[in-house]
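Novice: What follows is the residue order along each chain.
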Amino acid sequence: MRHFEERLDELRKRLLEMSGLVESAIYRSVHALVEKDENLAHQVLENESRVNQMEIEIDDMAVRLLALEQPVATDLRFITSAIKINNDLERMGDLAVSIAERALNLMHEAPVNALVDIPYMANLVESMVRKSLDAFVKKDSDLARSVLISDDAVDDLRNGIYNEMVRFMEENPQRIPPALNLIFVARSLERIADHATNIAEDVLFLVEGIDVRHHAETRT
Amino acid sequence: MGAVTNLSSMRSEANRGEQITGRLLRSFEPKFRVSHLNFYYGAVQALHDISLAIPQNQITALIGPSGCGKSTFLRTLNRMSETIRHTRVEGEILLGDEDIFSMDLVTLRRRVGMVFQKPNPFPKTIFDNVAYGLRVNGGYRGAALADAVEASLRRAALWDEVKDQLGKSALALSGGQQQRLCIARALAVNPEVLLLDEPCSALDPIATAKIEDLMFTLKEYCTILIVTHSMQQAARVSTHTGFFLLGKLIEFNETDILFKKPLRKETEDYITGRFG
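Taken in order, these protein sequences are the chains called A and B.
So for the first sequence, numbering that gives the first Met the number 0 puts the first residue at 0; every next one is plus one.
So for the second sequence, numbering that gives the first Met the number 0 puts the first residue at 0; every next one is plus one.
Bear in mind the hints are in silico, worked out from the structure with no lab data behind them.
We put the CB at the ideal spot given by N, CA and C, even for glycine.
Worth double-checking, as some hints may not be accurate.
[Unchecked claim] Listed next, with one range per pair, are the computed distances between beta-carbon atoms: (1) A:Val165 / B:Gly272: 54 to 62 Å; (2) A:Asp59 / B:Ile205: 25 to 33 Å; (3) A:Glu16 / B:Phe215: 26 to 34 Å; (4) A:Gly19 / B:Ser200: 44 to 52 Å.
Produce the entire structure from the sequences given, and follow the hints as far as they go.
Specialist: The following block contains the structure:
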């Protein structure tokens with residue numbers, strides 16, 4: 000393997016390592032909330048600095064490759080996608096931390112009805128994250144497109160939870176603190192889905208060389 | 000749409016300078032239209048059925064590994080390849096609407112100038128190098144000649160460096176200056192096309208940058224074709240790029256598409272260094 004290809008491979012491996020960390024942070028934060036598992040929430044908080052450190056390392060590797068190798072075509076698309084995916088992963092990690100913090104706030108609160116939809120929404124979001132990263136690993140544009148389709152469903156779920164929480168708070172002002180926490184969780188999950196969508200769009204650029212962001216080119 | 004399988008039909012559409020939908024070539028005014036060009040060195044066929052159109056007032060880069068035919072192709076455009084014995088050419092090349100093979104050679108080479116890899120100034124003064132074509136071709140004398148020499152040296156971005164030493168030998172200039180002098184000499188007769196055959200491969204990065212900057216200003220006056228071994232140079236300077244391999248034109252595309260997402264796997268393999 001050429002030296003350059005070895006460097007590209009290292010970049011790919013580091014990015015996969017980072018995506019593994021972030022995927023597990025999302026999983027743990029959601030389960031900390033749903034199962035009231037304090038230990039899982041703390042693990043998410045502890046791992047945050049590793050994710051941040053990796054973001055810097057990956058950016059550094061990518062910029063170095065751009066500067067020294069002047070890549071073109073598939074290599075150029077891979078490296079620019081890697082930089083963007085890296086940034087999305089770091090933001091997803093932050094949002095997992097935010098969910099873990101809300102989980103700790105809610106640890107000793109009575110369960111709220113809306114939790115029924117939060118695990119459902121979390122499942123959908125986790126599957127979008129997993130698919131977007133699988134699509135990246137396998138360079139699978141069909142899988143990436145399936146992520147884009149799910150985004151609207153997540154938005155609908157978030158809106159449903161908002162409305163439910165508003166009613167819930169109107170009925171009983173005592174419930175405002177837990178309801179607010181759940182609104183923040185729903186918002187974090189929805190944003191994680193947005194980042195998964197970004198990654199899927201980057202995969203389409205990587206594989207097909209097309210830009211589907213903001214419907215610049217058709218998504219289907 | 001079968002982007003790759005339809006390439007030849009898309010290419011022939013491109014040759015007519017027509018609009019092609021989607022991510023393919025946008026329409027352009029063609030300067031050269033080449034159809035079914037074959038070229039032979041004796042029994043060896045160096046170019047196979049090349050058809051393409053070269054956009055006017057743009058910079059077209061020709062890339063490909065050594066021996067792929069890109070220089071041979073460039074040299075057929077002003078019939079320089081005919082200077083080599085036992086060569087044979089088939090097909091059609093139109094400059095504007097005129098068949099170059101039925102044109103007067105002197106006229107063709109005045110309209111289609113050429114600059115070579117190694118700077119080749121005449122062993123004369125700087126002034127006389129540029130004045131040469133003007134005297135022979137244009138009948139310029141006296142002040143008109145001096146003005147035309149200055150204009151060409153300015154266009155070639157060399158005037159400020161040599162204006163006080165026009166009587167000095169051209170051979171005393173640096174390599175980069177000599178190459179710009181050769182460009183000034185070519186420009187003096189107002190060519191419509193400038194063919195550059197690896198014009199920077201003997202130059203350092205600073206001299207290279209000057210020539211590249213110069214190309215951007217020159218495309219206002221003429222159509223430029225450049226053969227280069229440096230893919231970075233092709234990417235930096237050109238609007239369109241043709242990729243040659245084993246005497247065939249594999250892909251002709253807008254440069255940014257060719258370097259971001261080429262249509263053909265052979266192009267991808269070559270430009271990413273996974274060739275062979």
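Novice: Run every hint past the structure and note whether it holds.
Specialist: A quick look at each hint next to the structure:
no.: 1; hint: A:Val165 / B:Gly272: 54 to 62 Å; result: holds (58 Å)
no.: 2; hint: A:Asp59 / B:Ile205: 25 to 33 Å; result: holds (29 Å)
no.: 3; hint: A:Glu16 / B:Phe215: 26 to 34 Å; result: violated (44 Å)
no.: 4; hint: A:Gly19 / B:Ser200: 44 to 52 Å; result: holds (47 Å)
When the structure is compared with the earlier hints, a violation turns up for hint 3 alone.
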